[in-house]
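Chemist: So the chains spell out like this:
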Amino acid sequence: MDLEKVFEKCFLCPGLCISKCPIYSITRDRSTAPNIIGRSGYRLIKYGDMEIGRNLLECTGCMRCMRNCPIENPLPEAIRLGRRLIFGGDEYIGEKPSISLGDKLYIYTPREKDENIMEVIEGYGYKVEWINTLKDYIRYSMGIIERYIFNKPFLTDDIEMLTNYGDYIDSLSDIYRKLMEDVETNLNYILHIPCRLDRVKDEVSKLLEDVLGKPIKIIDECTGGGLLYPKYNLNYAKMILANNFKDIHNMVVTLCYHAREFLRDNGIESYTIIDLIGGV
Amino acid sequence: MLDKFIDEVASIIGSRNIYTEKRRIYAYTRDYWPYMLYNEILKDYIRYPSTVVAPENEYQVLEIVRIASKYNIKMIPYAGGSGVLGGIYPDKEAVILDLGKLNWIRWFDEDSMIIEVGPGVILIELENWLNKRGYTLRHYPQSMPNAMIGGLISTRSIGQFSTGYGGIENIVKGLHIVIPSIGLVKITPTPRRSVLLPIDKMFIGSEGLYGIITDAYLKVFYEPTYRIGFSHTEKEFKSNVKKSVKLMRNRVYPDLLRIYDEYETIFYYPDIGWGSMLIGCIEGFNERYLNAKLEYISELLDGLEREEYFWRWFKTRNDVIKWIYNLYENGLGFETIEVSARWSNIIGIYNIIREKTLELNGVETATAHISHFYDTGAGIYFSFMIRLEDYLDVYFKLWDIVMKVTSSMGGSISHHHGVGFVRMKYLNLEYDVEGLKLLEKIKKVCDEKNILREFTL
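Residue numbers (this note's numbering), protein chains in the order written: chain A, 38 to 317; chain B, 406 to 862.
No lab work stands behind these hints, which were simulated from the structure alone. Idealized CB from N, CA, C, for every residue including glycine. Be aware that a few hints might be false.
Facing chain A, from chain B, some residues (calculated, C-beta under 10 Å) [as the list claims (entries may be wrong)]:
1) 533
2) 551
3) 590
Only chain B is shown next, with the shape it has when bound in the complex (with noise of 0.2 Å):
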């Protein structure tokens, strides 16, 4: 069947943009997940897929959509391969489809502040360009300098800007999608619609299990002429979310605002002591409106501090390798989860997280930060520092305490990073089972031959 799907595909894309030689699928064999980062690199564990398709258009993907239709073929979407839950964890029978080759910017409607790009688009390459014209998406997650806008959109990502400009749902405002069992659907962008179910929202989050993301429309801004940070330092990482509460209730929104708990704040910023930092940013056109506003801020955190403290996370924000290469020869893996909470248990939440996990046997450090707020909770997000001889067992115990906590104090298991592999067990958690009953019917309308990733408990 496998051999018969190649061929026709070819017929379609080329054999040049199919790879089944090793060396070039070994690069699809995972994505940022550390579970499996760490079983490669410390018991050489990798599951191959059986072959990468590369279409370069999104007729290609309509079209082997349907032939892998035709011959049951399991489909994989991949664009940047930046997701830390092993949501693209292939099969041995799996066939990769590499979005990486859409990557156009097709077209911008500078007068409606609107772009449409293709999903291949790296997030960072997009910035750059608009950044060139005077413009900004103003998305930026870690993972900006390798993430693709298909995954981000497909796993509802949200940046470090999210206080003041939204997470990615926001500035999605069209999208094309492939479907199995129905074709392309195009969802033209516009301001706000009325017009039953919205089509493009209900695939910002689909995860490749409903349809393939081919086309999307964003919204822009115009780039900030002048940017302010602050900081703010409380004894306990309960006060400081208080206070963080108090910019919210005032509808406050700075559009940049972190908080972290003692543990990471004597990591970061070992120079203050022991104590929960602050830090944040505003930005704008009008320097006197911002200062206008910082004065505001000021008042209601009863005092900032040094706005050097922003700049040094800022300039540093996306150095990951830096810290996990040091984790990595003290001999420590790491781990990261966010979940949401309301205001009403988020210090709950984090407290017992942290008890409970760092009972675990390999657990040596709990640690949380706050980075995304709105007027009712905040998104909070642990990483934890995990022994690595005993990483590969204590992994999924860890999970299973994250969730269940979560959970049972009625958060969201997940903030932003989405559901992935590892988070399908949980689903229940989340909805009951009427919820998950029509995820499962959406499920089968939409890829009624089950060739995408599957939706199982």
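If we strip away everything but chain A, and leave its shape as in the complex, we get (with noise of 0.2 Å):
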């Protein structure tokens, strides 16, 4: 990929993508913007400027941007790649996950294994073992990793680093048992996806369905983004939850336990995919 011309074409729009961006929807603060981002990206690139660069830092991967840009350019893996080079080139400007040399690490994400990454990560001096199953995805969601065995993330699009993982792993039988149990009582589901987990939307709403043997209705705003950037404009994530979730009564099922937390102070019942089973 042509790193320089997918930042470009972003240099030169205005920015018809931004409404739909669910990073800048929350903090409203421009160098969220796709756009910004894609023109920070091409300063990276063009001259080296790391301080601006950081802005793509920003992004969380989930595409909206190139799904309706009218030239479907590519910025999220652009983003993707531009931040190997923030991170992998000797001047490290984010934040070092505190885990040990050696430590082995878990990289969860819906996507084909790429040699590329796990090579940058190794390069650290880690051990690497990569996630991609579907049913290993959705164990892996994140109200475990934040309640159980998730340390801290090391980039933050779709790679996520867990560790300890091995108290972990003899406990999954035990998730799926319950989770089965639970699938007696007379509840009907409504699945929230958030914005990282996009891709995998309808791949995990069949499963869902094939579990709990019912229809469950998807909702697919990003109501998180508030709490992952808990520093910007809190009032709007809750107007974005109190639109999208107000002729709810149900019990609310979500992959993301931002959200969980704040349905939960709008007073909303809601799980996590663990809750819901009992924990472990």
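Grab the two chains, each in its own frame, and use the hints to assemble them into the complex.
Modeler: Printed below as a string of structure tokens:
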């Protein structure tokens, strides 16, 4: 991919996608808007401007900008590769994960295994395992990660690193047993797919429908951004929640830990999948 | 002074809403003014403001303005940044006032069809919100995906459906404005009033010189259930213009109408060959009524052609980046200039501007279309393709020609893009000395300490 060309297109664009960006819609800070991130990427590539290049870290990789772009400019992919320039070079400007060298790291993502990414991370001296099966993906949804095994996110897009995973792996069969027990209860489920999981929406919802044996309603608006970025406008995030969930009286199941907290704050009964099955 | 200003503002809006890091203020270094866009891409020339402050409500705006007056800090209001004339062109001392967080949809009076929104609402967000409920604003400028309500009002914007629904001045029914020397002025929405000067109307087009728009009451329409497109071709641009005048004379107003000159026709519709394309559409709720109207339009235009030509434009109408990138790859930049003219001189203005601008070194094409129609005349929109290596040299020469020709032939120097930075020096072509004096006096009354954008010729 010619990164300069991809970023150049955003450089020349007035920002036709900004209203579709879940992060800009929460922050309203223009340095988080996709076209500005593209412009920043251009400066990073062309002038090596690391300071402005940091704007690339604001993206969640949800790909809505690309899907709403008249020329389908693959900005999210360019951002991902652009970040490697920042993270992979000698000058490391991101926050380092608090893990020790030699720890085994688990990358969970719906993407196909990417040897280049593996190589970059292994370059730091970690052992890496790539997990991309759907069942595992659900198991490692944010609820589990936050509560049980997750230490700190390394890169902020679709690559997450898990530590201390060994303690958890034995209990996976229990999770599914409890999930199946819960199907017996008579609840209508609403599945909230947060933006970063948008790519697996269809697959995940079908699997859940199969497991639960009843249709589910999907909501794919981002509700978690306000909490991922708590320094920004929380009121706006609340407004999105109120708009999207106000007519829902049943239980909401979300793959997003942050959304669950927010929903609860707003008096809506809500659980992550792990809550639903009673925890581990 | 700036430090004290920032400290005091932080106590009002919190330090999280004040941006001073280079990477964050970079986002506010320009709007969509092509001259600065090409300056950055060709010469790496950027002008940074000193700070960005992003209030969350109108009382915070009021307080910020009060503090700015106290410390004599220059403020530049910034909404969607979709302006094309450098209206936000920052000074290194200036503070950008980002209105993007004033993005509420606060009140919707469905009986009166009026909605109250903040200046930071993106137009397409509002339109989608209304569409879900069966309503529409029908204000469809090309910048719809990224323009914000505050910016649209302050530049007196217009949309592609203007011939049927009017410009933004027709849908603004009330405003809240923070005026530095006066305070927060609130004009409530009414269908019409006759109470001395219409204060809210005075601030439509005020471009951040006289006050800051902090809330707006807008008229909405029911979303039409039917839309019929039509097209008509003539051998020459002027013949199609004459046909459109015939529609106006007979008070038959399509909701949308566009006429391309021969050069834009061959660009957008290469399949029809040399000629001038007219496209349009009518909308409504009753198919029989619309069909009757279409029949009359057909009679006045001497026949209609394929509806597909309208839809072809409609589906790609905001995809500007396609064209801009295409030009860039071919070593070309662009500029667009819109003016308005009476029917009696519009073709004359068109011909002379084309002839004179094409003489400039670097100007490869000069084309135009008419897309906003009135009983007395129209808005004409020129597009120029300019060789990138000559772009920065020829830019202001091009503007000089268009402004001077338009003014000398009785047109207005701006139809809907406003004044911004570029047109400020041409104001004396639009208004006489007394008119300019009045604008200057009003500026002094509203902004005694001159903290907002300056009024300079």
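Chemist: Each hint should be assessed against the structure and marked as holding or not.
Modeler: Now for the hints, and whether the structure bears them out:
| no. | hint | in the structure |
| --- | --- | --- |
| 1 | 533 | 8 Å, holds |
| 2 | 551 | 4 Å, holds |
| 3 | 590 | 25 Å, violated |
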